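Asks: Sequence:
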Amino acid sequence: MTVLRQRRGRGKEAALAAEVQPQPSNCCTHRHPEKSLQGDWSWGAIIWTSVGWSVSVGLGLLCCIYVATLHENDLWFSNIKEVEREISFRTECGLYYSYYKQMLQAPSIQEGLSELIHDNLTESKRTINLLQRMNIYQEVFLSVLYRLLPLQSYLEPVYFYIYTVFSLQAVYVIALYLTAWLLSGSWLAGALTAVWYILNRVDTTRVEFTISLRENWSMPFLALQVTAITCYLRPQLTALQQKVMVWLMYVTTFCFCLTWQFNQFILLVQALIIYSLDCVDLLTSRQVTTLYLVQVSGLLSVSLLQFCNSMIVGSLVLSFIVAALFVRHCQSGLKTGSLLARLGKILLHSALVLLLTYIINYLTKKALHLRSDEHIFKFIKSKFAFRPTRDFDAGLYLCEEAFGLLPLDTLERLAGTLLLYPYVLTLLLLSGMLAVAALQNLRSKGGSEEKKGAAEGRVETFRPDVAYNLVHTLLYGLLAFTTMRMKYIWTGHMCAVAAYGVCGVELWTLLLNTLHCNTKVLMRLVRYAVPLLMIGYLYYKFWPKLMEELSELREFYDPDTVELMTWISTKTPKQAVFAGSMQLLAGIKLCTGRVLTNHPHYEDKDLRERTRQVYQVYARRSPEDVYDTLKAAGADYVVLENSICYERRHRRGCRLRDLLDLANGHVMDGPGDNEPDLVHAAHPRFCEAVKTDAAAYGALFTRTFENKTFYVYRLKKKRKKGAKGSPEPTVT
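When we follow the working numbering, the leftmost residue of the sequence shown carries the number 48, and every step to the right adds one.
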């Protein structure tokens, strides 16, 4: 069991900086008085812009140093042993980091790439292409960079890796900063965004303890993509500026898709945003087509780089975009007629798009025999069915807190930093304005010949960049409320939207008009005095807490796992195959390099089935059944964990042994109701019974290692009846 022990010592200080730039902005028109963002090359504009960029970089670096210091203080990473450092990469993080380590240990870059393309260590009895199956190009890129750069004498490989991930947090903060700046016309909004992001670290990122997670690599690129889209949708861009923004959108979309296997689902939400804004004429036809094609280009580029990854080709987002563009082309009269006629056309249009999306996606998956992502749809179906499920894969997700509903204490924490209140007010105000603008657009009767002029007139009622960010935060907020793990996509952008509300003119215009005192001087005063007061209050309230947090020094302590990894490395053959839980096996792959039967990367139908079979060691199965199952997977050793066999962390019905019992049709342990068709198992639970060393178990399994947490058993060779032989020794 891992614990973080308190240790005495030191604390590090960080500094928050914020600068003010008085500049008005208007959500409802094209005018952006921020001249430095519109190409004004006067000395004043250059200085202001330089200060704004300097503040963004400073706050980004501050966030980077902050999370790096927390990581060091929590684990005492610089002083623990190498095996402890590797164990600290928990679950799938350890699996991803193992490929970085593998590339560095390869004799050459070419041989390292060949080993990844023809890998037979990650899944026993199978040779798989890791570059096709997993999003690990970032590990490949970093390993190549580390080998080529003269860093070996100055920086350990593990530090090069974690510092890169922490540096991406600086990129993330800068991207959010720029989005708020572009929306409000004042970089003070960006400063407030960065401050909120740092103070709400618990809800905006988990990078300091899940370094290798794909989302920590991809979220900065998604934020950069949103910034590029925001800039692209701004008015009065020159043709050259538009081309630059399109290329930036493509590059950031490509990097985002390359670094996260769930890219298709995030981009599907983004495609729905574009579609909804197109329906109400808040985007021009050219903008809609460009945004769709950028998504398609990014996805297909990644698919080619991943050796024609079928999961991307058969994704819902590609089917949706193809359907949307096709129906849009065929239904040319969508944006003409009266209000009721247009609403009817939109409903028909949407029904046709959804139907065609389903047909295209179904046929594509049939043609490709694609079943890699079916567990995600089973999870979604079970989640919204609001009834228990016996499906093992769906239950595995539903029983994890990260895939449950957003806890209410999240909103309490966000309110405590003054983030929630301006965010909600901004949403309410902008949503009302968007609804009015949409109705005005739908009432207009411009024909196709007047399309360009009508579009320009409609955009003036509501800025498209603001509309995009508004619908973005609404849809991703809904996603976060239904699945807690998705909150990290929402909360960062939430900071930018709230800062825009505070530093923009919309809230203040409404308030000052209500008070009949809306003057230019007063507007400028409140727009910059209030954000400064908020930053001052946040500094006064949270700076001591940040310093206290940075002064808390702990130490990584997991002697049982260290003992297990040391024993495996020294007492087992290098080609030995290990079976066990997905999370533990990822650590075994990283620390010992042994062959695995299964692992945490769950996006493969055959692997999911194998994992369910291997997990029968925690079910009520006969020793012969378990032995045959493990041998079929090629296992030489099986590792049993007390924390799973006697699990108490989850409620009844959500423990791993309960999920297995339900999938096998057996009655669950402990007091409580059981469904009437469940039956009592004919055998005891394997993970408990094997420890008794009864004859039926001793004939097939030999205990070779044990401590307080883990038991390791070696699978014997089955002997023919009547064969004699001395018993095998037991190692403890």
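Among these hints, one or two may not hold up.
Unchecked claim - FRET-style restraints, in silico, Cβ to Cβ:
1. N754 with E599: 54 to 64 Å
2. V98 with R173: 33 to 43 Å
3. G681 with A449: 25 to 35 Å
4. V98 with Y604: 42 to 52 Å
These are computed hints drawn from the structure, not numbers from a lab. Computed from a predicted structure; not experimentally measured. Here a beta-carbon is modelled for each residue, glycine too, at the ideal position from N, C-alpha and C.
Asks: The structure should be examined with respect to each hint, and the outcome stated for every one.
Replies: Hints, verified against the model:
1. In this structure the supplied range 54 to 64 Å is violated for N754 paired with E599, their Cβ-Cβ distance being about 29 Å.
2. For the hinted restraint 33 to 43 Å between V98 and R173, the CB-CB distance of approximately 57 Å leaves it violated.
3. Evaluation of the 25 to 35 Å hint for G681 and A449 yields a pass: the beta carbon distance comes to about 31 Å.
4. For V98 and Y604, the hinted distance range of 42 to 52 Å is satisfied, since their beta carbons lie about 46 Å from each other.
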